[in-house]
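Kindly generate the complete structure, drawing on both the sequences and the hints.
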Amino acid sequence: MMFSPELVNQPFGDPGLFVDFNFERRALLFDLGDLGALAPRKLLRVSDVFVSHTHMDHFVGFDQMLRLCLGRPTSIRLFGPPGFAAQVEHKLAAYTWNLVENYAADFFVEAWEVDQRWQATGVRLRSRRRFRSEPLPPRHCPDGVLADEAGFRVRAAFLDHGIPCLGFALEEKVRVNVWKSRLAELGLAVGPWLKQLKDAALGGAPDGTPVRVPLAGDTGERVFTLGALKAAVLQFVPGETICYVTDVAYTPDNVRRISALAAGASQLFIEATFLDEDGQHAASKMHLTARQAGSIARLAGAKRVVPFHFSPRYEQREADLRRELEAARAAAPSQPG
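Just so we're aligned: the sequence shown equals residues 36 to 372 in our numbering.
What the hints contain is simulated information worked out from the structure, not anything from laboratory work. All C-beta atoms in this analysis are idealised placements derived from N, C-alpha and C, irrespective of residue type, glycine included. Treat the hints with care, since some could be wrong.
Said to hold, decoys possible - Okay, derived cross-link-like pairs now, EDC-like style, lysine to aspartate or glutamate, Cα gap no bigger than 20 Å in a straight line: (1) K215 to E256; (2) K320 to D195; (3) K230 to D183; (4) K233 to E256; (5) K233 to D183; (6) K77 to D98; (7) K215 to D253; (8) K338 to E275; (9) K230 to D55; (10) K230 to E207; (11) K126 to D141.
Said to hold, decoys possible - Computed Cβ-Cβ distance ranges for the label pairs, DEER-style: (12) M91 to R348: 17 to 25 Å; (13) S216 to F47: 42 to 50 Å; (14) R76 to P177: 32 to 40 Å; (15) D178 to G252: 43 to 51 Å; (16) P245 to N212: 17 to 25 Å.
Given below as structure tokens:
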């Protein structure tokens, strides 16, 4: 798989999902709660952050990331619901930046917010300009696709938590696997050229494109066409989907939208905040019970389900939350009334 996802905190801690790239020094982050559990070297790999909403336990980590990145030649793109860009601006405006020009590198942030018509508006905020707002050209995000790159896309859905809240699906596009046994049969070396080969294949380069390939044992190189290498050493398989959903009420519309977003997901990270015995309390807080989360996972056909965002009231009953979710996955699916 192209990605390795892991919860930022234990399931009773702040929500957040860190998704590492397996083949390059890059990562994505879903939500910005307490980031203390993430090593700085991991945080510095984050290129894009997708924020469901800005309740404190989903956004308090922005300052930690900012402090780590200041003075470094890097940038971060952030995406969030309506009003998000202004909230990022206000976060930055809360500090005094009179000496920030002394940093050698011009760290900057891009903050994008989307409305329910999937119109995105954004601003760029540069350290050398003391994080004064620079408007970016607005853009449309068809079908909720916030980011679309050669190997993956990130799709969002609007959900209801009493406020607009975004759920996310990280969709790997067609995956390219390498037959290492065939490399050996052809006497070809393993190395960085394979990533370039995959990128060319995924990017739609012409089959006649020449590719210089090092031979095993450092004995020289051969030139193949891209088409010949695709046929000989590559396998194209459907990509996988990682879905992240938290802080949602159990309503028919939310269930429908989550089920569509997570349809067939390889991994579904979904909140299971309360036990079903506290269903009325869950409804008043606009969170899911473990039973409701399991029912949604079944409707979506998710292959693996990882529950999180457990209420502290169950610190001695974590096993009960997990059992309730799995029982609902195994039962006939139910719909909210």
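Status of each hint after checking the structure:
This hinted pair checks out: K215 and E256 have alpha carbons roughly 17 Å apart, not beyond 20 Å. Distance hint between K320 and D195 is fulfilled; the C-alpha atoms sit about 12 Å from each other, no more than 20 Å. This hinted pair checks out: K230 and D183 have alpha carbons roughly 19 Å apart, not beyond 20 Å. For the suggested pair K233 and E256, the alpha carbons sit about 18 Å apart, so the restraint of at most 20 Å is met.
Taken as a hint, the K233 and D183 pair is honoured in the structure, with Cα atoms around 17 Å apart against an allowance of 20 Å. A distance of roughly 16 Å separates the Cα atoms of K77 and D98; the hinted pair therefore holds under the 20 Å criterion. Straight-line distance between C-alpha atoms of K215 and D253 comes to about 17 Å, which keeps the hinted pair within the 20 Å bound. With a C-alpha separation of about 10 Å, the suggested pair K338 and E275 falls inside the 20 Å cut-off, and the hint holds.
Simply put, K230 and D55 have alpha-carbon atoms about 17 Å apart, close enough for the 20 Å limit, and the pair holds. For the suggested pair K230 and E207, the alpha carbons sit about 16 Å apart, so the restraint of at most 20 Å is met. The suggested pairing of K126 with D141 holds, with an alpha-carbon distance near 18 Å, which does not exceed 20 Å. Evaluation of the 17 to 25 Å hint for M91 and R348 yields a pass: the beta carbon distance comes to about 19 Å.
The supplied range of 42 to 50 Å is met by S216 and F47, whose beta-carbon atoms lie about 45 Å from each other. For R76 and P177, the Cβ-Cβ distance of about 35 Å falls inside the hinted range of 32 to 40 Å, so the restraint holds. Between D178 and G252 the C-beta distance comes to about 49 Å, which sits within the given range of 43 to 51 Å. Roughly 23 Å separates the CB atoms of P245 and N212, a value that falls within the hinted 17 to 25 Å.
Hint violations for this structure: none, all hints satisfied.
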